[in-house]
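Protein sequences, first through last, are from chains A and B.
Note that the first sequence ends on residue 156 in this note's numbering; no numbers are left out.
Note that the second sequence ends on residue 421 in this note's numbering; no numbers are left out.
Please note: incorrect hints may appear among the correct ones.
In silico DMTMM-like cross-links for lysine to aspartate or glutamate, where the CA-CA straight-line distance does not exceed 25 Å [claimed, not checked]:
{"id": "1", "chain 1": "A", "residue 1": "K72", "chain 2": "B", "residue 2": "E336"}
{"id": "2", "chain 1": "A", "residue 1": "K32", "chain 2": "B", "residue 2": "D354"}
{"id": "3", "chain 1": "A", "residue 1": "K72", "chain 2": "B", "residue 2": "D354"}
{"id": "4", "chain 1": "A", "residue 1": "K72", "chain 2": "B", "residue 2": "D334"}
{"id": "5", "chain 1": "A", "residue 1": "K130", "chain 2": "B", "residue 2": "D41"}
{"id": "6", "chain 1": "A", "residue 1": "K72", "chain 2": "B", "residue 2": "D41"}
{"id": "7", "chain 1": "A", "residue 1": "K32", "chain 2": "B", "residue 2": "E383"}
{"id": "8", "chain 1": "A", "residue 1": "K136", "chain 2": "B", "residue 2": "D388"}
{"id": "9", "chain 1": "A", "residue 1": "K130", "chain 2": "B", "residue 2": "D409"}
{"id": "10", "chain 1": "A", "residue 1": "K136", "chain 2": "B", "residue 2": "E383"}
{"id": "11", "chain 1": "A", "residue 1": "K72", "chain 2": "B", "residue 2": "D365"}
{"id": "12", "chain 1": "A", "residue 1": "K136", "chain 2": "B", "residue 2": "D365"}
{"id": "13", "chain 1": "A", "residue 1": "K32", "chain 2": "B", "residue 2": "D388"}
{"id": "14", "chain 1": "A", "residue 1": "K130", "chain 2": "B", "residue 2": "D354"}
{"id": "15", "chain 1": "B", "residue 1": "K416", "chain 2": "A", "residue 2": "D121"}
{"id": "16", "chain 1": "B", "residue 1": "K416", "chain 2": "A", "residue 2": "D24"}
{"id": "17", "chain 1": "B", "residue 1": "K416", "chain 2": "A", "residue 2": "D16"}
{"id": "18", "chain 1": "A", "residue 1": "K72", "chain 2": "B", "residue 2": "D388"}
{"id": "19", "chain 1": "A", "residue 1": "K130", "chain 2": "B", "residue 2": "D365"}
{"id": "20", "chain 1": "A", "residue 1": "K72", "chain 2": "B", "residue 2": "E383"}
None of these hints come from the bench; they were simulated from the model.
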Amino acid sequence: MAGHGGEGMELSSLQDLYQQVILDHYRRPRNKSPLEDATHSLTLNNPLCGDVIDLMLRLEGDRIAAVHFEGKGCSISQASASMMSGVLKGRTVPEALQVMDTFTRMLHGDAAAAADTDLGDLRSLAGVSKFPVRVKCALLAWNCLEELVGSDTSDS
Amino acid sequence: METPDSVSLTAPPSDYDVERVRADFPILGRLVHGSPLVYLDNAASSQKPYSVIQAVDAYYQEIHANVHRGAHELSIRATEAYEGARAVVADHIGAASASEVVFVRGTTEAINLVAWTWGAAHLGEGDEILLTKMEHHSNLVPWQIVAHRAGATVRFVDVRPDGSLVMEDYDRLLSDRTCLVGVTHVSNTLGVVNPVAEIAHKAHEAGAVCLVDGAQATPHMQVDVQALGCDFYAFSGHKMLAPTGIGALWGRKEVLDHMPPWQGGGEMISEVRLDGFTSASAPHRFEAGTPNISGAVGFAEAIRYLQRIGLEKIHAWEADLTAYALDRLGAIDDLEIYGPRENRLGVISFRYADIHAHDLATILDQKGVAIRAGHHCNQPLMEHLGVDATARASIYLYNTRSEIDALVDALGLAAKLFGVT
Numbered sequence: 001m002a003g004h005g006g007e008g009m010e011l012s013s014l015q016d017l018y019q020q021v022i023l024d025h026y027r028r029p030r031n032k033s034p035l036e037d038a039t040h041s042l043t044l045n046n047p048l049c050g051d052v053i054d055l056m057l058r059l060e061g062d063r064i065a066a067v068h069f070e071g072k073g074c075s076i077s078q079a080s081a082s083m084m085s086g087v088l089k090g091r092t093v094p095e096a097l098q099v100m101d102t103f104t105r106m107l108h109g110d111a112a113a114a115a116d117t118d119l120g121d122l123r124s125l126a127g128v129s130k131f132p133v134r135v136k137c138a139l140l141a142w143n144c145l146e147e148l149v150g151s152d153t154s155d156s
Numbered sequence: 001m002e003t004p005d006s007v008s009l010t011a012p013p014s015d016y017d018v019e020r021v022r023a024d025f026p027i028l029g030r031l032v033h034g035s036p037l038v039y040l041d042n043a044a045s046s047q048k049p050y051s052v053i054q055a056v057d058a059y060y061q062e063i064h065a066n067v068h069r070g071a072h073e074l075s076i077r078a079t080e081a082y083e084g085a086r087a088v089v090a091d092h093i094g095a096a097s098a099s100e101v102v103f104v105r106g107t108t109e110a111i112n113l114v115a116w117t118w119g120a121a122h123l124g125e126g127d128e129i130l131l132t133k134m135e136h137h138s139n140l141v142p143w144q145i146v147a148h149r150a151g152a153t154v155r156f157v158d159v160r161p162d163g164s165l166v167m168e169d170y171d172r173l174l175s176d177r178t179c180l181v182g183v184t185h186v187s188n189t190l191g192v193v194n195p196v197a198e199i200a201h202k203a204h205e206a207g208a209v210c211l212v213d214g215a216q217a218t219p220h221m222q223v224d225v226q227a228l229g230c231d232f233y234a235f236s237g238h239k240m241l242a243p244t245g246i247g248a249l250w251g252r253k254e255v256l257d258h259m260p261p262w263q264g265g266g267e268m269i270s271e272v273r274l275d276g277f278t279s280a281s282a283p284h285r286f287e288a289g290t291p292n293i294s295g296a297v298g299f300a301e302a303i304r305y306l307q308r309i310g311l312e313k314i315h316a317w318e319a320d321l322t323a324y325a326l327d328r329l330g331a332i333d334d335l336e337i338y339g340p341r342e343n344r345l346g347v348i349s350f351r352y353a354d355i356h357a358h359d360l361a362t363i364l365d366q367k368g369v370a371i372r373a374g375h376h377c378n379q380p381l382m383e384h385l386g387v388d389a390t391a392r393a394s395i396y397l398y399n400t401r402s403e404i405d406a407l408v409d410a411l412g413l414a415a416k417l418f419g420v421t
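For reference, chain A alone in the conformation it holds in the complex (with noise of 0.2 Å):
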């Protein structure tokens, strides 16, 4: 319609942030299911959207046996969840925290971060650096992780 064009950068970066991999993570989302031995859960929400992210973890020793996760919310919020299972599955605690502060420095924009292949998927939500009020969306389910056993290494 006249008037309402812009069709430039504004498409570019919602192709970028509205990437394939993404919705099918969000249609399609990998090991969002109970985990009944789980040795680790919380469930963490974001009051001003209501996004709920529920991440249950299985530690075996210092390794992530299992990471399933149950939520609602946008897009970003559970793809994320999705990608972050299947990404930390049979990982150390340090190597997924490793991730995960390669993966929030991608989330603010540093081009390094969102050029390590160790973030798989991942990678894909570096168009979220574009939308700063979305980045609490596509971290949600790490705020589980960190809160869960974020703790574990600093105090060893």
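Once you have looked at the hints, place chain B on chain A.
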């Protein structure tokens, strides 16, 4: 984009010059992400016309001093401006006198004031507060807090799927244990207009007082508190063209007169001794501290602005625009609108395919279209409707059909990005 066949072909009211109205609002001329701003978040807060901005500006440039304090010229002029604003607000809502209007920060503070003063004086063990399931958190949480302290119970009138109140439920729950009935005049999520006169009448028959949350009503319709027959009416300035941080609580004189003070401090006293104080009479009893004088001045000008255009004309314009929006949105496949078709104002909550409301809001924003996404401070109602978030477009006097078209176009972009067909 072509207009679907189902869209009403009635013309918008011809005696309303929307372009002239728009010219009064400087912010409407700006671009957002390269597109003209399409502001459809009016239920959250309205934009401000020049005359309101200028009234606040002129107050600070020419008048400002503290009120009710000094004998000097500026203090006298500031007091006149502040009390004059109170008279404008009182007259606008049909209050019996200006002393029935308490200036507050907004609707939330107005309801908290009633909860903490009227509630503290009247609520006891076993008493009941009767609300509805569609109340905004600000007409719910204050009552939960004071009920807990008093040992009272909060009960809720049910809401039908179309957003109307189940009045049989109201009749059933209303009893001699009911001390206060609290109801919103217009739902901030569904736009439905509640039968508050009937609700107030029945509350009085049961010996209860009635508080009406008018935050979503006063911007769009002429409200007469005496005709409604309630005891308290709470509303915000910022949703009706005034600055933020100013609102009003109207209370029936005989009810206000029997309420204890709320916050203590200057302004609210008549005499202070070291062993106690006597409080001022209403409304000043409830206005401790230096008030929002410039806000009150802006509030009065906002009301004058609405009166110059005429709330009937505004209402007719918005009714047409609401019908147009419901038609255009309703014609989109897999878009579900919440709330009734009739007996509603232009607050339109909807869900579109499997696109989450936050994602919709982000995409629309990139096209300059501002809507609200989320639970709208209405979580129990959302749960009742079985949704965790909705998108909400809400219209006001400066919105146009072409802006609704822009909303629909932007939804088309969302569909494209999400692969919705």
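Checking one constraint from the list: CA of K130 (chain A) to CA of D409 (chain B), max 25 Å. Satisfied? Holds: K130 (chain A) and D409 (chain B) sit about 23 Å apart, inside 25 Å.
Can you confirm whether the C-alpha distance between K72 (chain A) and D388 (chain B) stays at or below 25 Å? Judged against 25 Å, a Cα distance of about 8 Å means the pair holds.
Does D354 (chain B) sit within 25 Å of K72 (chain A), going by the straight-line distance between their CA atoms? holds (12 Å)
Holds or violated: K72 (chain A) with E336 (chain B), Cα cutoff 25 Å? holds (19 Å)
Has the given pair, K72 (chain A) with D41 (chain B), been kept, meaning a C-alpha gap of at most 25 Å? At roughly 24 Å apart (the allowed maximum being 25 Å), D41 (chain B) and K72 (chain A) satisfy the hint.
For the pair supplied as a hint, K136 (chain A) and D365 (chain B), confirm whether the alpha-carbon distance does not exceed 25 Å. Distance of about 18 Å is within 25 Å: holds.
With a cut-off of 25 Å on the C-alpha distance, tell me whether K72 (chain A) and D365 (chain B) pass. holds (22 Å)
Is K136 (chain A) close enough to E383 (chain B), meaning Cα to Cα at most 25 Å? Given that 25 Å is the threshold and the Cα spacing comes to 23 Å, the pair holds.
Would you check the hint for K72 (chain A) and E383 (chain B), treating anything up to 25 Å between C-alpha atoms as holding? holds (13 Å)
Would the pair K130 (chain A) and D41 (chain B) pass a check requiring their Cα atoms to be no farther apart than 25 Å? holds (23 Å)
Straight-line Cα separation of K72 (chain A) and D334 (chain B) no greater than 25 Å? holds (20 Å)
Proposed proximity, D121 (chain A) with K416 (chain B) (alpha carbon, max 25 Å): Distance of about 22 Å is within 25 Å: holds.
In terms of the numbered hints stated before, the structure departs from none.
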